[in-house]
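Sequence order for the protein chains is R and F. Positions 1 to 202 (this note's numbering) are the ones given, in order, by the first sequence. Positions 1 to 160 (this note's numbering) are the ones given, in order, by the second sequence.
It should be emphasised that the hints constitute simulated quantities derived from the structure, not laboratory data. Cβ atoms here follow ideal geometry from the backbone N, Cα and C, with glycine treated the same way. Wrong hints could be hidden among the right ones.
Short derived list, chain R residues pointing at chain F, Cβ under 8 Å [to be verified]: (1) Phe19; (2) Thr28; (3) Ile37; (4) Asp126.
Calculated lysine to aspartate or glutamate pairs in the EDC-like style (CA-CA distance at most 16 Å, straight line) [unchecked claim]: (5) F:Lys156 with F:Asp52; (6) F:Lys156 with R:Glu78; (7) F:Lys140 with F:Asp96; (8) R:Lys40 with F:Glu55; (9) F:Lys56 with R:Glu46; (10) R:Lys177 with R:Glu166; (11) F:Lys151 with F:Glu11; (12) F:Lys145 with F:Glu104; (13) F:Lys156 with R:Glu69; (14) R:Lys40 with F:Glu137; (15) R:Lys55 with R:Glu99; (16) F:Lys140 with R:Glu46; (17) F:Lys60 with R:Asp34; (18) F:Lys145 with R:Asp34; (19) F:Lys156 with R:Glu84; (20) F:Lys140 with R:Glu73; (21) F:Lys59 with R:Asp169; (22) R:Lys57 with R:Glu99; (23) R:Lys40 with F:Asp96; (24) R:Lys55 with R:Glu73; (25) R:Lys118 with R:Glu99; (26) F:Lys56 with R:Asp169; (27) F:Lys151 with R:Asp169.
From the derived model, a few chain R residues whose C-beta atoms are all more than 12 Å from chain F [unchecked claim]: (28) Pro7; (29) Lys40; (30) Asp102; (31) Ser152; (32) Asp167; (33) Gly175; (34) Glu186.
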Amino acid sequence: MARRSSPEVNAGSMADIAFLLLIFFLVTTTIETDSGISRKLPPMQEDEVEPPIIKQKNIFSVIVNRNNELLVEDEPMEIGALREAAIEFLDNGGGTGPEACDYCQGPRSPNSSDNPNKAVIMLVNDRATEYGTYITVQNELVAAYNHLRDRSARRLYNKSFVQMEEDYDNVNYSGNKETLKEQIEEIRNMWPQKLSEAEPKS
Amino acid sequence: MSKFKKKKSGELPAVNTASLPDIVFMLLFFFMVATVMRQNTLKIQNVLPYADQVEKLDKKDLVMYIYAGKPSSRYQANAGTEARIQLNDNFASVNDVQQFIFSEREAKREELVPFLTTALKVDEETNMGLVSDIKQELRKAEALKINYTTKTGDAKQNMQ
Chain R
1 MARRSSPEVN AGSMADIAFL LLIFFLVTTT IETDSGISRK LPPMQEDEVE PPIIKQKNIF
61 SVIVNRNNEL LVEDEPMEIG ALREAAIEFL DNGGGTGPEA CDYCQGPRSP NSSDNPNKAV
121 IMLVNDRATE YGTYITVQNE LVAAYNHLRD RSARRLYNKS FVQMEEDYDN VNYSGNKETL
181 KEQIEEIRNM WPQKLSEAEP KS
Chain F
1 MSKFKKKKSG ELPAVNTASL PDIVFMLLFF FMVATVMRQN TLKIQNVLPY ADQVEKLDKK
61 DLVMYIYAGK PSSRYQANAG TEARIQLNDN FASVNDVQQF IFSEREAKRE ELVPFLTTAL
121 KVDEETNMGL VSDIKQELRK AEALKINYTT KTGDAKQNMQ
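Please work from the sequences and hints to get the whole structure.
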């Protein structure tokens with residue numbers, strides 16, 4: 001019997017099929033944005049607990065009103081100036097004796113914060129404040145902390161803080177992870193994120 | 001001599017499309033790999049604000065999503081125009097948040113529960129009142145790790 005050569009499959013419609021699938025995936029694709037500002041909420045407290053007494057000069061108050069305007073330390077402020085103001089407050093290091101801060105580079109004014117460990121940023125919102133504004137303010141305040149942490153990280157370990165955290169998460173990191181973790185913790189303790197949010201006013 | 005003379009025809013030769021399927025397949029594979037199927041159908045407007053101090057949320061299975069915003073136009077007849085919370089596929093009230101957190105925890109393996117993060121996907125025009133109500137409920141449910149999901153970009157765009 002003569003060997004019949006098998007007929008070639010017609011691949012002409014392959015492109016059409018592929019196009020159809022392509023268009024389906026094009027339409028259904030949503031490039032998800034799963035990044036954001038991570039925060040930790042304070043745990044619920046019993047009512048009897050006395051709030052700790054904090055000196056007025058160690059509080060940096062940021063109030064956002066219902067028209068999305070900022071009041072920082074009782075002065076109206078544009079959002080663009082908030083980051084600088086927060087950095088100046090945190091970096092002031094006006095304390096003396098046991099409260100002195102040897103890594104602060106601020107003006108050491110006696111009217112501003114003693115020490116980054118004491119400095120608290122207090123954020124008060126109105127219930128009618130827009131969420132977008134709130135995120136902007138949060139972003140600027142977190143940026144202030146990140147800037148200062150970065151500065152210390154560069155000075156002490158010649159690496160940016162972001163890089164250190166990335167290295168820590170990196171599985172292929174060649175250096176010693178234990179020391180890296182200690183270094184990250186040290187810098188976090190130098191600039192603890194003390195960001196207190198009051199219940200919004202109605 | 002005339003043997004080597006090419007036949008001259010006035011028509012242009014057809015473009016060779018043999019590699020077209022390959023190109024299309026390449027694109028197809030890219031989109032197949034890049035696609036994340038939406039878990040929930042959104043019933044609300046959800047324009048996220050911008051921020052640039054962001055951290056990435058990896059481990060998608062350890063994230064609980066809470067959406068909030070104004071109902072989309074097709075649901076406004078039933079749900080009104082005030083900002084609402086959406087849990088899974090339905091509108092919900094503030095009181096349902098705790099229950100939602102508990103049922104999400106139930107579905108996860110016990111050792112993973114401490115690592116659960118709540119991602120708040122809130123429309124930028126929502127009032128803070130609703131967001132703080134949600135946060136208060138999360139505190140009651142002891143789901144303290146939260147993440148305000150944002151788009152990456154200059155945060156000052158939110159104020160315009």
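Here is how each hint holds up against the structure:
{"no.": "1", "hint": "Phe19", "in the structure": "holds, 6 Å"}
{"no.": "2", "hint": "Thr28", "in the structure": "holds, 6 Å"}
{"no.": "3", "hint": "Ile37", "in the structure": "holds, 5 Å"}
{"no.": "4", "hint": "Asp126", "in the structure": "holds, 7 Å"}
{"no.": "5", "hint": "F:Lys156 with F:Asp52", "in the structure": "holds, 10 Å"}
{"no.": "6", "hint": "F:Lys156 with R:Glu78", "in the structure": "holds, 11 Å"}
{"no.": "7", "hint": "F:Lys140 with F:Asp96", "in the structure": "holds, 12 Å"}
{"no.": "8", "hint": "R:Lys40 with F:Glu55", "in the structure": "holds, 13 Å"}
{"no.": "9", "hint": "F:Lys56 with R:Glu46", "in the structure": "violated, 33 Å"}
{"no.": "10", "hint": "R:Lys177 with R:Glu166", "in the structure": "holds, 11 Å"}
{"no.": "11", "hint": "F:Lys151 with F:Glu11", "in the structure": "violated, 53 Å"}
{"no.": "12", "hint": "F:Lys145 with F:Glu104", "in the structure": "holds, 14 Å"}
{"no.": "13", "hint": "F:Lys156 with R:Glu69", "in the structure": "holds, 13 Å"}
{"no.": "14", "hint": "R:Lys40 with F:Glu137", "in the structure": "holds, 14 Å"}
{"no.": "15", "hint": "R:Lys55 with R:Glu99", "in the structure": "holds, 13 Å"}
{"no.": "16", "hint": "F:Lys140 with R:Glu46", "in the structure": "holds, 12 Å"}
{"no.": "17", "hint": "F:Lys60 with R:Asp34", "in the structure": "holds, 9 Å"}
{"no.": "18", "hint": "F:Lys145 with R:Asp34", "in the structure": "holds, 15 Å"}
{"no.": "19", "hint": "F:Lys156 with R:Glu84", "in the structure": "holds, 15 Å"}
{"no.": "20", "hint": "F:Lys140 with R:Glu73", "in the structure": "violated, 31 Å"}
{"no.": "21", "hint": "F:Lys59 with R:Asp169", "in the structure": "holds, 13 Å"}
{"no.": "22", "hint": "R:Lys57 with R:Glu99", "in the structure": "holds, 14 Å"}
{"no.": "23", "hint": "R:Lys40 with F:Asp96", "in the structure": "violated, 21 Å"}
{"no.": "24", "hint": "R:Lys55 with R:Glu73", "in the structure": "holds, 14 Å"}
{"no.": "25", "hint": "R:Lys118 with R:Glu99", "in the structure": "holds, 9 Å"}
{"no.": "26", "hint": "F:Lys56 with R:Asp169", "in the structure": "holds, 12 Å"}
{"no.": "27", "hint": "F:Lys151 with R:Asp169", "in the structure": "violated, 22 Å"}
{"no.": "28", "hint": "Pro7", "in the structure": "holds, 19 Å"}
{"no.": "29", "hint": "Lys40", "in the structure": "violated, 5 Å"}
{"no.": "30", "hint": "Asp102", "in the structure": "holds, 27 Å"}
{"no.": "31", "hint": "Ser152", "in the structure": "holds, 17 Å"}
{"no.": "32", "hint": "Asp167", "in the structure": "holds, 15 Å"}
{"no.": "33", "hint": "Gly175", "in the structure": "holds, 22 Å"}
{"no.": "34", "hint": "Glu186", "in the structure": "holds, 20 Å"}
Going down the numbered hints, you'll see the structure goes against 9, 11, 20, 23, 27, 29, while the others check out.
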